[in-house]
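Trainee: Sequence:
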Amino acid sequence: MTERNRGRPRAFDRDRVVLDAARLFWRRGYSGTSTRALTAALGLSTSSLYAAFGSKAGLFEEAVRTYAERYREIYQQAVAENDILTVIKRILADSVHEFTQPSDTHPGCLISSAVMSDSTSTLDTSAYVAELHSSNEQALLARIERAIQEGELRLVP
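Under full-length UniProt numbering, think of the first position of the sequence shown as 1, with each following residue one higher.
Check the hints yourself; a few may be wrong.
Ranges between beta-carbon positions, derived for each pair [unchecked claim]: (1) LEU153 to ALA41: 42 to 52 Å; (2) HIS97 to ALA142: 21 to 31 Å; (3) GLU152 to ALA37: 18 to 28 Å; (4) ARG36 to ALA127: 25 to 35 Å; (5) LEU141 to THR66: 23 to 33 Å; (6) SER95 to VAL156: 48 to 58 Å; (7) PRO157 to THR66: 40 to 50 Å.
Hints in this document: simulated from the structure, not taken from any laboratory. Glycine residues also receive a C-beta, built at the ideal position from the N, C-alpha and C atoms.
Please construct the entire structure, taking both the sequences and the accompanying hints into account.
Mentor: The following block contains the structure:
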């Protein structure tokens, strides 16, 4: 038997709310985005926001993680390619495409904004971002090492 959530079922699209919140955090920063501004922009009551995300910080962290997973996907898909040249080209091309979207839909790098904001004293976004970068770097290094072992790349003395 599954446990049911208390209260009424959610009447909003969580993915849309997280994306809209991310846009607001991009424009105003974490500290510059009040709970009141969030609820007004998202069309949620304060109680709905807290029930769904726990806090403004919880919503911000989910927005950062959702955004960061798109970056992780770029690396995961690229390192699955058959040849190392395609891996490198794909990481570069997909990153450029992803992170140069028009500002109305994608006004900058939320990860950089998160790390540079004063939210880092409240949230553990810095540790998460460091883990993300390390994970992506390790995936790429493993793929380069495989290319060397398979003779696709060779080290030049």
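Trainee: All hints are to be evaluated individually against the structure, with a verdict given for each.
Mentor: Each hint tested on the structure:
1. A C-beta distance of roughly 49 Å is found between LEU153 and ALA41, which places it inside the suggested range of 42 to 52 Å.
2. One distance hint, 21 to 31 Å for the beta-carbon pair HIS97 and ALA142, holds here, with the actual separation near 24 Å.
3. At about 51 Å, the CB distance of GLU152 to ALA37 disagrees with the hint of 18 to 28 Å.
4. Judged by the Cβ atoms, the range 25 to 35 Å given for ARG36 and ALA127 holds: they are separated by roughly 29 Å.
5. Taking 23 to 33 Å as the suggested C-beta distance range, the pair LEU141 and THR66 conforms, at roughly 26 Å.
6. For SER95 and VAL156, the Cβ-Cβ distance of about 26 Å falls outside the hinted range of 48 to 58 Å, so the restraint is violated.
7. A hinted range of 40 to 50 Å for the beta carbons of PRO157 and THR66 is consistent with their spacing of about 45 Å.
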